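**Student:** The lines below spell out each chain.
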Amino acid sequence: MKTRLRVLRAEKEWTQAQLAEAVGVSRQAIIAIENGKYDPALPLAFKLARAFGKNVEEVFVWEDDSLQEK
Amino acid sequence: MTTTTPRISSHPARAFWAVLGIGTAIDITAGWLLRQPGYSPQARVLFALLPIPMNLVLVALIVRRIRQLDEFLRRVHLEAVAIAFLLSGVAVFIYGYLQQAQVVHPLNFGIVWIFMVVFYGIGYVIAARHYR
Numbered sequence: 016m017k018t019r020l021r022v023l024r025a026e027k028e029w030t031q032a033q034l035a036e037a038v039g040v041s042r043q044a045i046i047a048i049e050n051g052k053y054d055p056a057l058p059l060a061f062k063l064a065r066a067f068g069k070n071v072e073e074v075f076v077w078e079d080d081s082l083q084e085k
Numbered sequence: 032m033t034t035t036t037p038r039i040s041s042h043p044a045r046a047f048w049a050v051l052g053i054g055t056a057i058d059i060t061a062g063w064l065l066r067q068p069g070y071s072p073q074a075r076v077l078f079a080l081l082p083i084p085m086n087l088v089l090v091a092l093i094v095r096r097i098r099q100l101d102e103f104l105r106r107v108h109l110e111a112v113a114i115a116f117l118l119s120g121v122a123v124f125i126y127g128y129l130q131q132a133q134v135v136h137p138l139n140f141g142i143v144w145i146f147m148v149v150f151y152g153i154g155y156v157i158a159a160r161h162y163r
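These protein sequence lines map, in sequence, to chains A and B.
Numbering follows our numbering, in which position 40 of the first sequence is assigned residue number 55; successive positions increment by one, without gaps.
Numbering follows our numbering, in which position 101 of the second sequence is assigned residue number 132; successive positions increment by one, without gaps.
Calculated directly from the structure, the hints in this document are not laboratory data.
Quick caveat, the model's predicted, so the values are computed rather than measured.
You may find that some hints are simply not true.
[As the list claims (entries may be wrong)] A short, non-exhaustive set of chain B residues, derived as facing chain A with CB atoms under 7 angstroms:
hint, residue
1, 101
2, 103
3, 104
4, 110
5, 162
[To be verified] Some chain B residues flagged as far from chain A (calculated, every beta-carbon gap over 12 angstroms):
hint, residue
6, 47
7, 57
8, 92
9, 161
[To be verified] For each label pair, taking beta carbons as the anchor points, the in silico distance ranges come out as:
hint, chain 1, residue 1, chain 2, residue 2, range
10, B, 123, A, 77, 16 to 22 angstroms
11, B, 109, A, 27, 27 to 33 angstroms
12, B, 134, A, 58, 51 to 57 angstroms
All C-beta atoms in this analysis are idealised placements derived from N, C-alpha and C, irrespective of residue type, glycine included.
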């Protein structure tokens, strides 16, 4: 799964710590998500999207082609 | 948006260290009492079981703290526990063979937890590095 979290955060000029506090997680969690090392569960994905005023699909992009319709 | 950095509250940490301190004192006292001659078998069983209550409180505090962590940190700690569990199993397995080979003393179960803590530390480093 790809994420636009780092870009969106930069646009808002927020630090990782500020975003982490806004959604109630640790800074390590934000770092891992931004680096693509950790995929958040749905509630956290929604919280992150809401923090930027976006839908989940605008923040996280699913890349598994096997689920696409033929 | 506020600018304060999220951090672990020091209050649960203080409770943890207080319980750990009291528990350690009880462990040492129980060990000392068990080394003293003249006590009945019933009393010795009581001394041996003395550390249980504080140890259970410690377990409860740790479980509560883990439940307060966010989903990412819970995953890191879960992987650390899994790694520690497996490494402890391997270590006990190897030690058992070494014991059969009569090249080591019989295992002192009182110190096994030290290895578990060390393995947990190793597991935490491995898990944390994986997600960095």
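**Student:** Hints numbered earlier in the text: which of these fail when held up against the supplied structure?
**Tutor:** 4, 9 and 10
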